[in-house]
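J.: Can you make the complete structure from the sequences, with help from the hints?
Order-wise, the sequence lines are chains R and P.
Count along the first sequence from 1, then add 19; that gives the number in our numbering.
Count along the second sequence from 1, then add 19; that gives the number in our numbering.
These are calculated hints, taken from the structure and not from any lab test.
By construction, the Cβ of each residue, glycine as well, lies at the ideal position given by its N, Cα and C atoms.
Fair warning: there could be bad hints in the mix.
[To be verified] Which chain R residues stay away from chain P? Per the calculated CB distances, all over 12 angstroms, these: (1) Ser55; (2) Lys57; (3) Thr82; (4) Gly172; (5) Gly305; (6) Thr311; (7) Glu336.
[What the hints assert, rightly or not] Pulled a few chain P residues facing chain R out of the computed Cβ check, cut under 10 angstroms: (8) Gln87; (9) Asp94; (10) Gln126; (11) Ala148; (12) Ala156; (13) Ala162; (14) Arg164; (15) Asp214; (16) Phe215; (17) Pro233; (18) Glu297.
[What the hints assert, rightly or not] Simulated pairs of lysine-lysine, BS3-like, Cα-Cα distance not exceeding 30 angstroms: (19) P:Lys157 / R:Lys57; (20) P:Lys280 / P:Lys296; (21) R:Lys157 / P:Lys157; (22) R:Lys306 / R:Lys243; (23) R:Lys296 / R:Lys308; (24) R:Lys157 / R:Lys296; (25) P:Lys111 / P:Lys321; (26) R:Lys157 / P:Lys57; (27) P:Lys296 / P:Lys198; (28) P:Lys39 / P:Lys321; (29) P:Lys273 / R:Lys295; (30) R:Lys295 / R:Lys280; (31) P:Lys157 / R:Lys177; (32) R:Lys56 / R:Lys177; (33) R:Lys243 / R:Lys273; (34) P:Lys177 / P:Lys250; (35) R:Lys39 / R:Lys57; (36) P:Lys296 / P:Lys321; (37) P:Lys111 / R:Lys157; (38) P:Lys295 / R:Lys177; (39) P:Lys111 / P:Lys339.
There are 2 protein chains.
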Amino acid sequence: MDSPGGAAAEDQQEFAGRVKSFFESAPPLVDGENVSKKIAGFISRNRGGEADRVVCVTSGGTTVPLEQRCVRYIDNFSSGHRGATSTEYFVKAGYAVIFLHRRGAYQPYCRYLPEDSFLDFFEVTEGSAIRVCESHAKEVTRAIRDYRAAVDGGLLLKVPFTSIFEYLQILQIVAGSMKPLGSFGMFYLAAAVSDFYVPWESMAEHKIQSAGGPLDMRLAPVPKMLSLLRKEWAPMAFCISFKLETDSDILLKKADMALRKYGMHVVVANELSTRKKEVVVVTDTGKVKVRTDEQHREVEEKLIDLLIEQHSHYIEESEKDAVNG
Amino acid sequence: MDSPGGAAAEDQQEFAGRVKSFFESAPPLVDGENVSKKIAGFISRNRGGEADRVVCVTSGGTTVPLEQRCVRYIDNFSSGHRGATSTEYFVKAGYAVIFLHRRGAYQPYCRYLPEDSFLDFFEVTEGSAIRVCESHAKEVTRAIRDYRAAVDGGLLLKVPFTSIFEYLQILQIVAGSMKPLGSFGMFYLAAAVSDFYVPWESMAEHKIQSAGGPLDMRLAPVPKMLSLLRKEWAPMAFCISFKLETDSDILLKKADMALRKYGMHVVVANELSTRKKEVVVVTDTGKVKVRTDEQHREVEEKLIDLLIEQHSHYIEESEKDAVNG
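T.: Below, the structure written as structure tokens:
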């Protein structure tokens with residue numbers, strides 16, 4: 020919770036210091052200029068076009084390198100299933116989606132397919148043609164068709180990350196490019212972001228040697244960039260964050276706290292064991308439970324419907340404010 | 020280095036204690052009976068058949084869970100490229116391969132293809148047929164054909180793992196099944212195995228909370244199971260382990276040490292930055308540098324040739340010993 024009165028300014032200064040030292044400690048983004056160009060191009064092509072709404076869906080876990088020449092790292096578990104699924108429903112609803120995802124996590128339009136290897140779906144005929152195996156023909160054909168339609172229609176841009184450094188650097192770039200969209204922009208922050216990191220400077224240059232007994236590590240907390248996103252990077256965008264806990268007792272409390280502390284418009288609360296069937300949408304007007312049912316086998320279908328409704332309402336209110344203000 | 024004289028017995032007892040507590044602390048292997056059956060079936064189908072030699076190729080990094088309901092874990096970086104590539108050359112040479120790999124790491128026969136998503140290789144024609152995009156036609160067709168041939172020919176069994184617990188449990192099962200093969204069995208241990216772990220019992224049940232400042236962790240060293248593999252699990256198998264370092268100064272010294280300490284037949288030494296072009300094959304008769312050249316674009320091609328030669332020699336010597344003994 021934020022400290023009241025006089026302590027707040029001090030807290031803010033301390034926070035700014037931690038943000039600065041995080042970004043200063045980050046290794047430069049590889050091919051950063053190109054990444055920026057691609058993102059800016061995608062948004063400007065969509066702005067004012069058919070898809071006037073753009074959502075940045077973040078997905079998968081970030082890693083924290085423990086060594087500069089990275090052999091070992093701490094990873095946050097996340098299959099990326101939520102983000103990949105949600106991306107499909109956003110595209111279906113006409114949103115342009117920047118899919119900011121962990122390399123190797125689930126991808127939109129290939130969630131039904133066995134994860135192991137796509138080689139299992141195909142066979143080579145005697146005439147050296149490729150044929151989809153009978154058993155997978157339907158899903159594979161639909162997956163390829165829907166994927167092609169999204170990409171060729173300019174509604175899907177995939178941007179990969181691995182480390183917490185890459186993730187936050189790219190998120191800042193995306194937010195900067197989306198700022199001009201005002202309330203038509205949305206952030207759907209489903210990525211599992213590391214809470215702790217090892218500052219690059221203090222990291223071992225070479226591989227940590229295992230010869231001598233137990234290993235002790237001290238990790239610094241990652242500054243919570245959600246407040247920055249809301250206050251500076253893209254203040255008008257509609258922001259949805261996720262809260263995942265394994266302990267249901269503290270889940271809703273923490274979701275409420277995140278809503279207030281970071282100024283989110285929505286926090287989606289989910290418990291690890293039931294997350295594919297049920298989530299709770301927490302806003303400052305209340306809590307709505309969203310569950311799968313006979314007609315909606317994927318909880319994301321109803322969730323995205325509800326969020327789009329809330330986004331539309333938010334856009335209306337913002338436009339009114341602009342007229343009245 | 021091993022302690023001399025009287026201390027050795029004590030060391031061994033301490034080691035046995037650490038092994039015991041590692042396996043006792045491990046969560047039970049999911050679907051373990053089925054995994055055992057598949058492995059035993061694969062080996063018995065190949066035993067005395069056309070592929071009388073069986074190699075277990077391990078590939079990719081293992082993870083160390085930090086929480087029982089795993090959200091965070093420490094990961095060892097390894098793309099699994101070496102293991103996937105080597106598997107193809109072993110199959111080509113007529114070995115039956117148990118490919119014990121990290122879920123999501125590189126797979127044999129799809130190493131050339133962009134990692135992102137197989138959906139990019141295909142298009143749907145107007146008649147709803149699937150067609151490989153012109154740009155990838157050659158690689159995709161070859162990949163599917165070679166993969167099918169390996170699987171249908173019974174020369175490739177893929178077994179996935181994620182955590183260090185799963186990896187070592189399955190490795191023990193494979194070794195037990197391969198023991199009867201004697202010197203015809205080979206272990207090619209290219210996986211990047213964690214050096215440290217958090218004992219399951221002492222692990223946080225719920226997600227570690229990030230509220231309070233820095234995070235301190237203490238990890239226990241993973242007992243080196245290589246000695247067990249050599250002495251107990253499959254004492255006659257030909258064993259190759261890998262040593263990866265970022266610091267070339269200590270690489271060869273450590274490779275030599277591993278050779279003696281764990282009784283490996285071969286240690287393949289590689290440096291992180293040059294590992295795709297050059298490795299050093301270390302045995303007790305000397306060191307051989309293996310490098311890519313015009314005819315051999317992949318260092319694994321020459322490496323596997325050399326190792327198979329050494330394996331053949333080892334089989335001959337073992338048979339002589341058996342006759343003379």
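J.: It remains to establish, for every hint, whether it holds in the given structure.
T.: Cross-check of the supplied hints:
no., hint, verdict
1, Ser55, "holds, 20 angstroms"
2, Lys57, "holds, 14 angstroms"
3, Thr82, "violated, 7 angstroms"
4, Gly172, "holds, 14 angstroms"
5, Gly305, "holds, 26 angstroms"
6, Thr311, "holds, 22 angstroms"
7, Glu336, "holds, 33 angstroms"
8, Gln87, "holds, 9 angstroms"
9, Asp94, "holds, 5 angstroms"
10, Gln126, "holds, 5 angstroms"
11, Ala148, "holds, 8 angstroms"
12, Ala156, "holds, 8 angstroms"
13, Ala162, "holds, 6 angstroms"
14, Arg164, "holds, 5 angstroms"
15, Asp214, "holds, 4 angstroms"
16, Phe215, "holds, 5 angstroms"
17, Pro233, "holds, 5 angstroms"
18, Glu297, "violated, 17 angstroms"
19, P:Lys157 / R:Lys57, "holds, 29 angstroms"
20, P:Lys280 / P:Lys296, "holds, 27 angstroms"
21, R:Lys157 / P:Lys157, "holds, 24 angstroms"
22, R:Lys306 / R:Lys243, "holds, 24 angstroms"
23, R:Lys296 / R:Lys308, "holds, 11 angstroms"
24, R:Lys157 / R:Lys296, "holds, 25 angstroms"
25, P:Lys111 / P:Lys321, "holds, 13 angstroms"
26, R:Lys157 / P:Lys57, "holds, 29 angstroms"
27, P:Lys296 / P:Lys198, "violated, 33 angstroms"
28, P:Lys39 / P:Lys321, "violated, 39 angstroms"
29, P:Lys273 / R:Lys295, "violated, 47 angstroms"
30, R:Lys295 / R:Lys280, "holds, 26 angstroms"
31, P:Lys157 / R:Lys177, "holds, 25 angstroms"
32, R:Lys56 / R:Lys177, "holds, 13 angstroms"
33, R:Lys243 / R:Lys273, "holds, 14 angstroms"
34, P:Lys177 / P:Lys250, "holds, 26 angstroms"
35, R:Lys39 / R:Lys57, "holds, 26 angstroms"
36, P:Lys296 / P:Lys321, "holds, 11 angstroms"
37, P:Lys111 / R:Lys157, "violated, 33 angstroms"
38, P:Lys295 / R:Lys177, "holds, 28 angstroms"
39, P:Lys111 / P:Lys339, "holds, 28 angstroms"
Hints 3, 18, 27, 28, 29 and 37 from the earlier list are contradicted by this structure; the remaining hints agree with it.
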